[in-house]
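**Q** Given next are the chains, with one letter for each unit.
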Amino acid sequence: MINLNVNHKKYRIDADPDMPLLWVIRDIIGLTGTKYGCGVAQCGACVIHLNGEAVRSCVTKLSRGAGQEIITIEGLSANNNHPAQVAWNEESVPQCGYCHSGQIMSAAVLLREKPNPTDQDIDDAMAGNICRCGTYLRIRKAIHLAAELQKKEGGTT
Amino acid sequence: MSVSEEIEHLSRRSFLRIAGIGSAALCLGLYVSEKAGAKVVNESEASLADAGIALAAWIIIHTSGKVTLICHRAEMGQGVYHSIAQIIAEELEVDLYGVDIQLTQGDEKKYGSQLTGGSSTIRGSYKNLLKLSATAREVLIMAAAARWGVDPSGCYAASGHVIQKSSGKKLHYGELVADAAKLTPPKEVKLKTRADYKVIGKGSLRRDSPLKTNGQAVFGIDKRIPGLQFATVERNPRLRGKVRSFDASAALKVPGVTRVFKVVMGVWDTDREGVAVVATSTWAAMQGRKVLKVEWDDSGFEHVSSPEIFRRQQELLQNSEGLSLSTQGDPTGIIARAKDKLDVVYETPYQSHSCMEPVNCIAHYQADKVEIWGPVQAPNWIQDYVSKKLGMDREKVIVNMTFLGGGFGRKAMPDYPYEAVMVSKEIGAPVQVVWTREDDATQGPYRPGISYRCEGAVENGGIAALKFRMAGQNNDHWMRGDSGKANRSTSEGFLKPYYESIKHISFADVPFKTPIPTSFWRSVYASTNGFAYESFLDELAHQAQKDPMDLRRQYLKDERSQLLIDKMEEVSGWKNRKKNEGYGVAITECFASTVGHIVKVSKNGDKGIRIDKVWVVVDCGWYVNPDIITAQVEGSVVMALGAATIHEITFKNGMVEQRNFYDYKMPRITDIPPIEVHIMENDENAGGMGEPGLPAFAPALTNAIFDLTGKRIRKLPFDLANVH
Amino acid sequence: MNNLVKPWQRFMPSRTVLIMGLLLYFVGLMAFAMNHKTELKKELPPHVVIRKDSVASVKAFTAVYKVLMSPRCMNCHPQGDIPLQGDDSHLHTMFPKRGLEGKGVLAMKCANCHQPTNTPGLNTPPGNPNWHLPPADMKMVFQGKTPRQLAKQLVDPQLNGHKDMQKLVEHADDGLVKAGWNPGEGRSLPPMSHAEFKKAWITWLSTGAYAPKK
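Chains as they are written, first to last, in my numbering: chain A, -4 to 152; chain B, 1409 to 2132; chain C, 3 to 216.
For reference, chain A alone in the conformation it holds in the complex (with noise of 0.2 Å):
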């Protein structure tokens, strides 16, 4: 039995230490925002936040995530209210959407550590995401809007 918590709800989980989190939290604990892309940390689909870096949860073993502060997509904000979320609503980032739980939670380190990303710490940030859609202009969009929106909320972590 392995402790995880996730976004901020305790599940005891009964699994093989070395099973990814992203099977565990996708088959086992039923949240499906997170996905599965590649496997091999290429694509950051599977990104979730292990105490706040933006992990890539297909090669992070269940071991590591023990006792951690794991949030998902589900948990990233109550009401899809990160100023991350509310700009890609804005600017209609996703097409198919599938990559975007990851992006966003990629986007969402990025803004915590450069309230104010240049366009190069949005590359430096955000080249670990693949989107197949090609949304990769409004993404750079959706993430200066989202600094002006943190910054109007008065908040910058």
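Errors might be hidden in some of the hints.
Unchecked claim - Below, in silico cross-link-like pairs of lysine-lysine (DSBU-like), each with a Cα-Cα straight-line distance of 35 Å or less:
#1 B/Lys1600 <-> B/Lys1590
#2 B/Lys1577 <-> C/Lys216
#3 C/Lys105 <-> A/Lys4
#4 A/Lys109 <-> B/Lys1975
#5 C/Lys216 <-> A/Lys56
#6 A/Lys136 <-> B/Lys1606
#7 C/Lys105 <-> A/Lys56
#8 A/Lys109 <-> C/Lys141
#9 C/Lys147 <-> B/Lys2073
#10 B/Lys2021 <-> A/Lys146
#11 C/Lys141 <-> A/Lys56
#12 C/Lys147 <-> B/Lys2011
#13 B/Lys1610 <-> A/Lys136
#14 B/Lys2015 <-> C/Lys169
#15 B/Lys1777 <-> B/Lys1747
#16 A/Lys136 <-> C/Lys105
#17 A/Lys136 <-> B/Lys2073
#18 B/Lys1661 <-> A/Lys5
#19 B/Lys1661 <-> C/Lys180
#20 A/Lys136 <-> C/Lys180
#21 C/Lys105 <-> A/Lys109
#22 A/Lys56 <-> B/Lys1975
#23 A/Lys136 <-> B/Lys2021
#24 C/Lys180 <-> B/Lys1701
#25 B/Lys2073 <-> C/Lys105
#26 A/Lys56 <-> B/Lys1661
#27 C/Lys180 <-> A/Lys56
#28 A/Lys109 <-> B/Lys1600
#29 A/Lys4 <-> B/Lys1698
#30 C/Lys105 <-> A/Lys5
#31 B/Lys2011 <-> C/Lys169
#32 C/Lys216 <-> B/Lys2015
#33 A/Lys109 <-> B/Lys1749
#34 B/Lys1975 <-> A/Lys136
#35 A/Lys56 <-> B/Lys1701
#36 C/Lys147 <-> B/Lys2015
#37 A/Lys56 <-> B/Lys1833
#38 C/Lys147 <-> A/Lys146
#39 A/Lys4 <-> B/Lys1631
Read the hints as simulated data drawn from the structure, not as lab findings.
None of these values were measured; they are calculated from a predicted model.
We have chain A already, so just place chains B and C on it with the hints.
**A** Positioned in the frame of chain A, the structure of chains B and C alone reads:
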């Protein structure tokens, strides 16, 4: 029937019907089955049902006032979930953000073909949907007017209510459901003009977007049903291979693995085999699969390799005239006699669709029916295929559509749903079969790799003749068998007005076959034809010492093309560019829309070529949502950029060499040039927009590189960093 | 700010590193090293015994150089701020940046993909608990260096992470250095075993750390 024929057919033979569903809702829809001829318009619903025709309810108004709209096609990113609702909301006078939108099941009797391909959804249904929605609104106004005892002309509809102008009295649609169900809808209704539109023509924020920013959207891979098991399949890495034997003992020892057995996946009329591992989680199934030992049977088909495929194609192109698709004039004779002529070969690679959501499907095989849930573009084809394979009635194959994490043509194939059905049949329980990214890359089907031989004659500063031959696999062979005729897509992408102004043109298909399964890939043959034909026109322009844009202006004489070229010149500053500054142009037609690209490139120090800017001008006729169109074009440019400069599928000894995003690399946020999209304003018939933005990018790019460097690129993909 | 680690501390031997092998070889003394710096010093000879021999030194460095310039070592000692990847030492896909501490930046920190251990499978992220590049203020570039340049850089405390001779010797058994010999499936190994490398490394250092002419 081709997509465009189907669209014609549907708009001729569709009629509004109105029917109550119990007492709780009013259901408004159309009869769109091809069987519904004009003679049945006034017949009862029962006789229509006898004729195998059912009401396609796009609008359901509940007595509570809640309005549900149906998205009858696949939503795979192209935005129809939103734009269908946008069309209905306009004429029905409901709040676009207040209605429910539902994905539906496969039901051709109701909706006609639901094949979401050929960029056909909006152009194929907008006229019907506008008429349906306007009629529904009029019926509700009639019901309210009758209730109030006033003339309907004194009433109007807004935000889901009917309002009497003089008194301001107001009823919501739900309160009118019972009365409206008894009325006969008017035969003719007046549709709004573009100037009246409040919803259509505006870039409203997508309804599916919020579902996709908080993990709520249910893609096929996210679907869960009670008792669901998970499976993955080790398939023969050779594309038509079979299983000789396998050893499941190690796999069965993996905790969570419950069953291991041989399974057949049909690729149209070809079977390929694999070994399925069923488990309690996707990961357990994958772990079991890793320790599976399988001996393959690779006999009975050719094991192809990449360089050889293209060498054979190009040999054929030198030695065969092929099957003629169309010929006007005598291009062969003109070119033979011409002094100034070109004869060159273009080559485009095999490509993978690589949807971000890997292929997957849930099937539940039961004694009397099969139920399927999945990311599918062509539910009716699945019904056809599975019912035929199982000897079951088509109606017993129920296909529930989910959101698709990308489709691009791959998810129009019925192979993976059928495979899931066979796994479910074996275990007697519902199962989700998930393809790994490696399966997706190595198993196909693929966009066919093609070689083109382009010949042309130049005379008096213009084009005297064009002769195009193509050697590449024909997707139709997988679906319909080989008819012995030319691939009907041989000229796809080539602009129709050229036929008016260039007297001698021919297109021929030199038959070429391999055992590699191929399929539609976003914009289909236009994606490769466009590169060859539009690059070749650029070559001829330079040969004739003509400005490449002027050459197009000279031969695209129709007004729409001229206006498009005006716009292209205006937005890109084409006329003010300096000599050899790195500008390239290409224009292609695809699924009834014409799209022109201008690409500007420059030298990137010692790192080859940099793309500075892409301008795209779109003429898609009447349109719904300019923001979605812009997004589709941006995405098409990115996909075209990847296919032209980053990735390709290659084969070695019958197996695919690429496995995942590390060797089939994708464009990333760091690779994307600025893209500026302009849409022509006119009220011509709507054209497609999911795909037409793609084909002209690659030739505009290589034409720009020629302008800058004098280097002609005739083979894709090429590395921008290695162009000097 | 109190959790900020000084760059040179990154190259301390990890807590349970066994360094007896190299000392056994070198001075014939067997000892377990403690993680604490002062304790460590107590149990080790104060100085590596140097017996200058320029010919042997340069010869040993030829072997050292081969290893350091192999993809397993050089890929994380790049010229730029982006690590290299693969046996062909191409620029790391997705361009992760070094960052101040060498641990990546923003949503692309090394440990977001690189786990404490190798991830099974081909082309999966190799792992180590301490996966990182040299920090921004001490980049220790190998890529593009001639043997002479690299040799001089390796013994210059201003360029080598403030390592004295003893720390340099110990560095052969650094966890991340040794990870080069456990590269994960499908990656080539350095051109000699770790034991051979260590022998060459210590020979080079103990014979005077001579730099080749070029």
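**Q** Now tell me if each hint is right for this structure.
**A** Going through the hints against the structure:
A distance of roughly 26 Å separates the Cα atoms of B/Lys1600 and B/Lys1590; the hinted pair therefore holds under the 35 Å criterion. Restraint check for B/Lys1577 and C/Lys216: the C-alpha separation of about 95 Å exceeds 35 Å, so the hint is violated. Under the criterion of a C-alpha separation no larger than 35 Å, the hint pairing C/Lys105 with A/Lys4 is consistent with the structure, at around 30 Å. Between the alpha carbons of A/Lys109 and B/Lys1975 the distance comes to roughly 40 Å, so the proposed pair goes past 35 Å and is violated.
For the proposed pair C/Lys216 and A/Lys56, the alpha carbon gap of about 47 Å is over 35 Å, so the pair is violated. Proximity of A/Lys136 to B/Lys1606 is assessed by CA-CA distance (about 26 Å); at most 35 Å being required, the pair is judged to hold. Between C/Lys105 and A/Lys56, the direct Cα distance comes to roughly 20 Å. Compliance with the 35 Å bound is thereby established for this hinted pair. About 23 Å separates the Cα atoms of A/Lys109 and C/Lys141, which keeps this hinted pair within 35 Å; it holds.
Proximity of C/Lys147 to B/Lys2073 is assessed by CA-CA distance (about 30 Å); at most 35 Å being required, the pair is judged to hold. At most 35 Å may separate the alpha-carbon atoms for a hinted pair to count; B/Lys2021 and A/Lys146 meet this at roughly 31 Å. Between C/Lys141 and A/Lys56 the alpha-carbon distance is near 31 Å, which keeps this suggested pair within the 35 Å criterion. Only pairs whose Cα atoms come within 35 Å are accepted, and C/Lys147 paired with B/Lys2011 is accepted, the gap being roughly 28 Å.
Of the pairs offered as hints, the one joining B/Lys1610 and A/Lys136 holds, with about 20 Å between alpha carbons and a cut-off of 35 Å not exceeded. Pair hint B/Lys2015 plus C/Lys169 does not hold up; C-alpha atoms about 40 Å apart against a cutoff of 35 Å. Restraint check for B/Lys1777 and B/Lys1747: the C-alpha separation of about 68 Å exceeds 35 Å, so the hint is violated. A C-alpha spacing of about 27 Å is found between A/Lys136 and C/Lys105, which places the hinted pair at or below 35 Å, so the restraint holds.
A distance of roughly 24 Å separates the Cα atoms of A/Lys136 and B/Lys2073; the hinted pair therefore holds under the 35 Å criterion. A distance of roughly 30 Å separates the Cα atoms of B/Lys1661 and A/Lys5; the hinted pair therefore holds under the 35 Å criterion. A threshold of 35 Å between alpha carbons decides the hint, and for B/Lys1661 with C/Lys180 the separation of about 34 Å falls inside it, so the pair holds. Of the supplied pair hints, the one linking A/Lys136 and C/Lys180 is violated, its CA atoms being roughly 43 Å apart against a limit of 35 Å.
A threshold of 35 Å between alpha carbons decides the hint, and for C/Lys105 with A/Lys109 the separation of about 16 Å falls inside it, so the pair holds. A hinted pair counts as satisfied when its Cα atoms are at most 35 Å apart, and A/Lys56 with B/Lys1975 does not qualify at roughly 55 Å. Note on A/Lys136 and B/Lys2021: the hinted pairing holds, with a Cα-Cα distance of about 17 Å set against a maximum of 35 Å. The hinted pair formed by C/Lys180 and B/Lys1701 meets the criterion: a straight-line CA distance of about 34 Å does not exceed 35 Å.
For a cut-off of 35 Å, the pair hint linking B/Lys2073 to C/Lys105 stands: about 24 Å separates their Cα positions. For the suggested pair A/Lys56 and B/Lys1661, the alpha carbons sit about 21 Å apart, so the restraint of at most 35 Å is met. For the hint linking C/Lys180 to A/Lys56, the alpha-carbon distance of about 23 Å falls within 35 Å, and the restraint holds. With a C-alpha separation of about 49 Å, the suggested pair A/Lys109 and B/Lys1600 falls outside the 35 Å cut-off, and the hint is violated.
Only pairs whose Cα atoms come within 35 Å are accepted, and A/Lys4 paired with B/Lys1698 is accepted, the gap being roughly 33 Å. For the suggested pair C/Lys105 and A/Lys5, the alpha carbons sit about 30 Å apart, so the restraint of at most 35 Å is met. Proposed proximity of B/Lys2011 and C/Lys169 is contradicted: the alpha carbons are some 47 Å apart, above 35 Å. Restraint check for C/Lys216 and B/Lys2015: the C-alpha separation of about 29 Å stays at or below 35 Å, so the hint holds.
Between A/Lys109 and B/Lys1749 the CA atoms are separated by roughly 59 Å; this puts the pair beyond 35 Å, and the hint is violated. Proximity of B/Lys1975 to A/Lys136 is assessed by CA-CA distance (about 26 Å); at most 35 Å being required, the pair is judged to hold. Taking the CA atoms of A/Lys56 and B/Lys1701, the gap is about 26 Å. The hint holds against a cut of 35 Å. With a C-alpha separation of about 21 Å, the suggested pairing of C/Lys147 with B/Lys2015 holds against the 35 Å cut-off.
Taking the CA atoms of A/Lys56 and B/Lys1833, the gap is about 33 Å. The hint holds against a cut of 35 Å. Restraint check for C/Lys147 and A/Lys146: the C-alpha separation of about 46 Å exceeds 35 Å, so the hint is violated. The suggested pairing of A/Lys4 with B/Lys1631 holds, with an alpha-carbon distance near 23 Å, which does not exceed 35 Å.
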